[in-house]
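Oh and the sequence shown: position 31 is 200 in our numbering, straight run, nothing missing.
Rather than coming from a laboratory, the hints here were simulated on the basis of the structure.
Glycine residues also receive a C-beta, built at the ideal position from the N, C-alpha and C atoms.
Among the hints, erroneous ones may be present.
[Stated by the list, open to error] Distance ranges between label pairs, derived from CB positions:
#, residue 1, residue 2, range
1, Gly-276, Ala-219, 16 to 24 Å
2, Gly-178, Glu-255, 32 to 40 Å
3, Gln-244, Ala-293, 13 to 21 Å
4, Pro-237, Ala-193, 34 to 42 Å
5, Pro-260, Tyr-221, 20 to 28 Å
6, Gly-199, Gly-247, 27 to 35 Å
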Amino acid sequence: MSQTQSSAGAPATVAFIDLAGFSAIADVYGDAAAIDVLEIFESMVREALAGYEPPIKWIGDEAMLSFPEPELAIQALGTLLQACREEPRLPLTRSALNHGPVIRRAGDLFGSTVNIAARMAALA
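Using the sequences provided together with the hints, build the complete structure.
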């Protein structure tokens, strides 16, 4: 399948996690401080998910993750959220997940499963 072709219907658990108030950090403390916080967060995401190896797509200060099963997503997010909570240099995090059919296209995920997870994370 080429990069421009898409695959529909395969289920996945899609999770989003982001830093609440990241823009305010940049506004108050400056871009360099915000990037320092982002680098800490990115490192923690990679470290907490090392045993799970989900694809990680970065969207600014937000990560979109994909897991084959909800149980794996819950385990991985639990580890990550606990680590973030214990890190005093990070602001609060918001996260959500949803399981259902996704459209895989050019290494990305699309569809209502993804959209619902993103909306729930924004409301968290």
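How the hints compare with the structure:
| no. | hint | in the structure |
| --- | --- | --- |
| 1 | Gly-276 x Ala-219: 16 to 24 Å | holds (20 Å) |
| 2 | Gly-178 x Glu-255: 32 to 40 Å | holds (39 Å) |
| 3 | Gln-244 x Ala-293: 13 to 21 Å | holds (19 Å) |
| 4 | Pro-237 x Ala-193: 34 to 42 Å | holds (36 Å) |
| 5 | Pro-260 x Tyr-221: 20 to 28 Å | holds (24 Å) |
| 6 | Gly-199 x Gly-247: 27 to 35 Å | holds (33 Å) |
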